[in-house]
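Chain residues, written in single-letter form:
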Amino acid sequence: MADTVHAAEHEHGDHVMSVKQLIGTWAALMVLTAATVGATLVDFGSQINFAIAMVVAVAKATIVAAIFMHLLYDRRYNLLIFITSILAVFLFVSITLNDVSSYQDDLVAREADAPFSVPGLNADGKETGVSHGSEENHGSDAKVHH
Amino acid sequence: MASESATAASGLENAEAHAPFLGHHFEDHKHQFTASKLGIWLFLGQELLFFGGLFCAYFILRGLHPEIFFEGHRYLDVKWGAINTCVLIFSSLTAAWSVRCAQLNQRRGLILTISLTLLCAFGFLGIKYIEYSHKIHEGVVWGAAFEPTPTILEEAHSKAAHGSPAIGSGDVNEPDPRRRLHLFFSVYFAMTGLHGIHVIGGIFVYFWLLGRAIAGHFNSEYYGPVDFVALYWHLVDLVWIFLFPMLYLIH
Chain A
610 MADTVHAAEH
620 EHGDHVMSVK
630 QLIGTWAALM
640 VLTAATVGAT
650 LVDFGSQINF
660 AIAMVVAVAK
670 ATIVAAIFMH
680 LLYDRRYNLL
690 IFITSILAVF
700 LFVSITLNDV
710 SSYQDDLVAR
720 EADAPFSVPG
730 LNADGKETGV
740 SHGSEENHGS
750 DAKVHH
Chain B
35 MASESATAAS
45 GLENAEAHAP
55 FLGHHFEDHK
65 HQFTASKLGI
75 WLFLGQELLF
85 FGGLFCAYFI
95 LRGLHPEIFF
105 EGHRYLDVKW
115 GAINTCVLIF
125 SSLTAAWSVR
135 CAQLNQRRGL
145 ILTISLTLLC
155 AFGFLGIKYI
165 EYSHKIHEGV
175 VWGAAFEPTP
185 TILEEAHSKA
195 AHGSPAIGSG
205 DVNEPDPRRR
215 LHLFFSVYFA
225 MTGLHGIHVI
235 GGIFVYFWLL
245 GRAIAGHFNS
255 EYYGPVDFVA
265 LYWHLVDLVW
275 IFLFPMLYLI
285 H
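From first to last, the protein sequence lines are chains A and B. Read in order, the letters of the first sequence are residues 610 to 755 in the numbering used here. Read in order, the letters of the second sequence are residues 35 to 285 in the numbering used here.
Note that these hints are calculated values from the structure, not bench results. What you are looking at is a predicted structure, and each value in this text was computed from that prediction instead of being measured. Ideal Cβ positions, reconstructed from N, Cα and C, are used throughout, including at glycine. Be a bit skeptical, because a hint or two may be false.
[Claimed, not checked] Stretch by stretch, here's where chain A covers chain B in the computed footprint (C-beta under 8 Å, at least three residues):
id: 1; stretch: 98 to 106
id: 2; stretch: 130 to 144
[Claimed, not checked] Taking beta-carbon pairs under 7 Å as the criterion, some of the chain A residues facing chain B (in silico):
id: 3; residue: Leu638
id: 4; residue: Val646
id: 5; residue: Asn658
id: 6; residue: Met678
Please take these sequences and the hints and turn them into a complete structure.
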């Protein structure tokens, strides 16, 4: 068996995962899944809980990418493409969040002026009188409050 | 692809020309493999950007209105989300194992691992169907159609006892999460829906791969497609690894 593994590695110069490595990776992912579910049962404050969930998710994603997707053994070129895409998503999300937060004061003022509700959210399940349309109409006057 | 008669007609071809799945524009299998792998990674990179738009929407909404996410996650069943996470992680294991089988010329193992991956994919969709149909039946959908039935409201609010303040506590300064709850479900259905479409796509590709595995197309020289489909499948798993805590595990 060891010879066959070696032969296949030799042919492509590509990594062949051992059964031990496959099962070990899977086990690590299962443990982290249990950990992330378990962490929600403990109250660390919503910010910390969210941070823990995201850190565990990043750890799991790294394991999948490095071992199952064999980026650890692969040509660095493929890793470069992957990392570049992640950076592009980061850039996209962070710039958009930055943009959104810089308009928040305007939006909050506008909302306070014209609260809207969604159909079906009254206690009796009936639609409320205020529609989405009226919210939009008020929205166009937002500059007046500025 | 070099045909049998072409190789027989000329004695000048090197040994690689006998390979039925080696493109004539590639020097050898290694050349073909690395070029194709670069292609699949470029595709996966654009898949990340594709999902990136929805992740962006998620973070904007969550940043602005954390309360609707806190409220909304009560309508989701962590049990089903966790089971589906396990199903996908197991399918990632079988997908990675199928690459090993192909690399080692284990045809039966290859067929078995591909079949198991397919089984998991159907299992995932089955659970997603249970979740979706329950929500749609109870009026928990996106946009203006959002009209939860009293049954699901009670169900969701019974979870509120678990270490969290009751909704609509009467404080006027606190935004009532129910006003914009439909946004949570827009995000939920858009993200899990796009992910589900990828699972369905994976099922089609894995059936194609299963057919080729049964036909005995793959060996230690030529196993590129098994590897590339597995890479795609791992990416689908990777997206779910983020979706699960982002939608189901909100504290």
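Comparing the hints with the structure gives:
1. 98 to 106: Our answer is that it holds, as 3 residues pass the Cβ test (under 8 Å) against chain A, meeting three.
2. 130 to 144: Answer holds; 7 residues pass the 8 Å Cβ test.
3. Leu638: For Leu638 of chain A, the interface hint holds, since the closest Cβ of chain B sits about 5 Å away, which is under 7 Å.
4. Val646: OK, holds: Val646 of chain A within 7 Å of chain B, min 6 Å.
5. Asn658: 4 Å, holds
6. Met678: Hint holds; Met678 of chain A Cβ to chain B Cβ min 5 Å, cut 7 Å.
In summary, this structure violates none of the numbered hints.
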